[in-house]
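Chemist: Take the given structure of chain C and dock chain U with the ligands to it, following the hints.
In order, the protein sequences belong to chains C and U. Here our numbering is used: the first sequence runs in plain steps of one and ends on residue 177. Here our numbering is used: the second sequence runs in plain steps of one and ends on residue 1753.
Calculated from the structure, these hints are not laboratory results. None of the hints are false.
Mimicking PhoX-like on lysine-lysine, the simulated pairs with C-alpha atoms at most 20 Å apart in a straight line are:
| id | chain 1 | residue 1 | chain 2 | residue 2 |
| --- | --- | --- | --- | --- |
| 1 | U | Lys-1393 | U | Lys-1424 |
| 2 | U | Lys-1257 | C | Lys-51 |
| 3 | C | Lys-10 | U | Lys-1257 |
| 4 | U | Lys-1741 | U | Lys-1667 |
| 5 | U | Lys-1081 | C | Lys-124 |
| 6 | U | Lys-1705 | U | Lys-1108 |
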Amino acid sequence: MRYAMAIDTKKCVGCADCVVACQTENNVPHGYCRDWIVENVEGTYPSLDMKFQSERCNHCENAPCVRCCPTGASHIAEGGIVLVTHDDCIGCGACVEACPYDARYMHPEGYVDKCTFCIQRVDKGENPACVDVCPTYCLHFGDLDDPNSNVSKALKDRSWYVLAPEAGTEPQLYFLR
Amino acid sequence: MKTRRQFIKISAAGAGAAALGLHTLNVKGLNLFGEREDGQTPASDEEMTAISTYCEVCFWKCAGWTYVDKKGKIRKIIGNKDDPNSNGRLCPRGTGGIGMYYDEDRLKTPLIRETKKDGTQYFRKASWDEALKKIADKMKEVKEKYGPEAFGYFNHGTPGGHLEHLMRSYGSETNAEPAYAQCRGPRSVAYLATFGAYIGSPECTDIRDTRCMVLIGSHIGENMHNQQVQEMSMAIDQNATIITVDPRFSTPAAKSKYWLPIKPATDIALLMAWIHVLIYEDIYNKDFVKKYTFGFDQLKEHVKNMTPEWAYGITTIEPDLIRRTAREMAGYAPAVLIHPGRHVVWYGDDTQRERAMGILTALLGAWGKRGSLYLPEAKPIPKFPQPPYPEPKWMWKDLNEGRYPLATMGITTELMKACIPRFKRKHQVKALMSAGANLPISMPDKPLLKEVFDSVEFFAVIDTMPMEVTGYADVVLPEATYLERYDFLRSAQNRFPSVALRMPAVKPKYESKPAWWIVKQIGERLGLHDYFNYDDYSEVLDWQLKQIGTSLEEMKKIGVKHFPRETGALYLAENEDYQFNTNTGKVELYSTELEDKGFAPMPVYKEHPEPQQNFYRLIYGRAPMHTFSRTQNNHNLWDLMKQNTVWVNPTVANLWSLKNGEKVWLKNQDGVVTDFAVEVRVTERIRWDSVYMVHGFGHSDKKLKRAYGRGASDEKMITHYVSDPISGGAGMRGNFVTFLKENPKKDGKEDKA
Ligand code: SF4
Ligand code: SF4
Ligand code: SF4
Chain C
1 MRYAMAIDTK KCVGCADCVV ACQTENNVPH GYCRDWIVEN VEGTYPSLDM KFQSERCNHC
61 ENAPCVRCCP TGASHIAEGG IVLVTHDDCI GCGACVEACP YDARYMHPEG YVDKCTFCIQ
121 RVDKGENPAC VDVCPTYCLH FGDLDDPNSN VSKALKDRSW YVLAPEAGTE PQLYFLR
Chain U
1001 MKTRRQFIKI SAAGAGAAAL GLHTLNVKGL NLFGEREDGQ TPASDEEMTA ISTYCEVCFW
1061 KCAGWTYVDK KGKIRKIIGN KDDPNSNGRL CPRGTGGIGM YYDEDRLKTP LIRETKKDGT
1121 QYFRKASWDE ALKKIADKMK EVKEKYGPEA FGYFNHGTPG GHLEHLMRSY GSETNAEPAY
1181 AQCRGPRSVA YLATFGAYIG SPECTDIRDT RCMVLIGSHI GENMHNQQVQ EMSMAIDQNA
1241 TIITVDPRFS TPAAKSKYWL PIKPATDIAL LMAWIHVLIY EDIYNKDFVK KYTFGFDQLK
1301 EHVKNMTPEW AYGITTIEPD LIRRTAREMA GYAPAVLIHP GRHVVWYGDD TQRERAMGIL
1361 TALLGAWGKR GSLYLPEAKP IPKFPQPPYP EPKWMWKDLN EGRYPLATMG ITTELMKACI
1421 PRFKRKHQVK ALMSAGANLP ISMPDKPLLK EVFDSVEFFA VIDTMPMEVT GYADVVLPEA
1481 TYLERYDFLR SAQNRFPSVA LRMPAVKPKY ESKPAWWIVK QIGERLGLHD YFNYDDYSEV
1541 LDWQLKQIGT SLEEMKKIGV KHFPRETGAL YLAENEDYQF NTNTGKVELY STELEDKGFA
1601 PMPVYKEHPE PQQNFYRLIY GRAPMHTFSR TQNNHNLWDL MKQNTVWVNP TVANLWSLKN
1661 GEKVWLKNQD GVVTDFAVEV RVTERIRWDS VYMVHGFGHS DKKLKRAYGR GASDEKMITH
1721 YVSDPISGGA GMRGNFVTFL KENPKKDGKE DKA
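Here chain C stands alone, though its shape is the one from the complex (with noise of 0.2 Å):
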């Protein structure tokens, strides 16, 4: 089992209810994000070209911040999903520091926190919130490893990218051209 997901930038409009969704779900402080949005610009007016992309931790396969934990808080649970034990967690930060995506940030409680994919309710077979929530349907979350899931369909007959390939984390997040 690999979870993993797909991103339509074609189809995203850069709204944040992804944002905003998971910090409900997952009652992230506010001021903090799991997920957040990029928007990439290029060319010149008017000849021009834009796209979003909906970020989040990206379930590295060769994940850098869970090599260099000392407390082995972070790791890597079924499916791929990379997760930090708030309760072994000290706080040194090293994985923030580690993550070429930014993607962990300080909780004001002490530990270090981030996407979990909304393990509690993948375990329960549904889709992480933002998943769900998102407007445009651009989110397609579900497991590589079979052939029928919505992320592996959505691949199925697009093109895509990762995000920072050379740094050799192989990251889970597709984003769809």
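Modeler: Relative to chain C, chain U with the ligands alone:
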């Protein structure tokens, strides 16, 4: 990696430097979610109760479920899957709607204006009984002295609806909604004149099934009109062509096959050229035109010289592009949607521009067909038993004194002028009430509004937040948010009728009260009991629901109920005989109604003023995470976007040596300066002759602790507006601004307006 990359994080937190700032932001640890001993554990849905509501963060009124945990705390709001307006997915504002309930700056008690001995004024906390009595006494006094018609009101949204019921029971229909003259008015008038029908809300736009959608200054995805955003995404999946006409590279422009970067204020020329191409290339929908329309020959003659070459000189859009896009539309007709837009008060000839869009629609046969505009239907809700409303001796229409003969609703500026004696209007308005309308931010011409508040004897406001408008009130009544109250049933027009229930998820916070309760209390004090013959609004809802074959009990479980259509099919059948509700019974390409009233029967392009040297046209719009001026203090939404910026083309930025993120003040053509500085965003996404701002920021009421002083108010720069003589809409895009790099108010003095 891409090289030319503008990196702008829309969300509050994120990478690098941005995230650092946020750590300090939260030091206070203000925690609206209460206990967090568990720290991380999100409440699971099974442990929560889901209570039906429909969203009030904008007018789309999406139905959803408010999730309340075991401790009685609201944790989240999720869309109702059976709701056609939202399909189970609220927009960011709806998802963040909980921030409205938790906002610690909310109005907490009734307030009454007092004057100290030294003349300074302040608000004193008052009991509900005292505040309600004060309003009721004033209403009695006005009725005796001048008649109830002299008590005017501004209304918007569901609280506005309750206020309207009170005022009509009392005998006044002297009202106006900013939603008409400051927003949709010209669209209503134009489509009524052309098709004898309204577009309505939610708009009857068949985006889901369109083959080609044309957006003229409309920016779906920046305005989060939920169902439209969802359907645009479906249309993209279906590879529909999107054509966007906008001087700014908007979000939908980026998703379009054709983006026409038009010179502002020239849209009518482009529309007429499209009409010209359809007719003179003989690619219009002949069956539709022949069977359903009136005035084709006059139209053909009228547009004879309105060629793409003619339009090129005006719009800066290449003739070839005009032709190609017209052909593309014709190729997909009738599954083409000429989107009628929503906020359409731009240049004062807005009814004519909307007419041109209607005519283009008709030439494509793109009305009542799959993929164009469908025939919407709503469920009629029977009125709870009450005596008929008294007939007022005069009403909003009489305030116009013959102006704007086609206006379908009250015009805000006319109601304002009726309040001011120096305009010597036949009918004088002496007192005012408002609900859900933050006039200082929604209205152009601030000095006029100030004069209104100086002139009227009395002004009462119902609101949830200390908005700018509350500062002018004599009595302020704190309203419960939509999550804490029963309200009207939502009966929305859509592809099929549906009804949604809003009920309280929790008790009202502080001393706030639902609008239905507020107006009933005033009504009872005026002896109008027969209009308020219930103790709780749930009685009204249950009665109404039973009339339509359901009940409050059932609706509490399902939230949304669908009803079958009763007015016939969603689309016109092939060759169906159809009577349009116009003078001729046809779609009027040539408008007999406009001609009767002395207006041009077919649209004509008129030149509009251009910016002077060093000035730029001010264009304003929406961000997906905010609604008007009402959400900037909502903590959840403030987290997503705290302030607006002024968008400046790099060429202009160079000229002024403006840097990204630099703070400037704006000054308009009348010398008015913004209250606050605003950050420059240097971006290719805007033309060099214009600047752009998101509307609703730059709040000047200090009680809005988060929103105060964040960004600048576009509305403050709109001192000039052009009234549309047909509809009364106030065209607000004829204002020009320049940059001030130094604080013009160094002496700290407030400026006059
Ligand atoms: S909710 Fe969807 S459309 Fe909106 S920003 Fe997130 S991914 Fe994009
Ligand atoms: S994105 Fe960052 S936090 Fe997430 S797994 Fe990769 S390295 Fe770790
Ligand atoms: S579109 Fe958004 S803000 Fe408007 S009613 Fe729907 S969820 Fe609420």
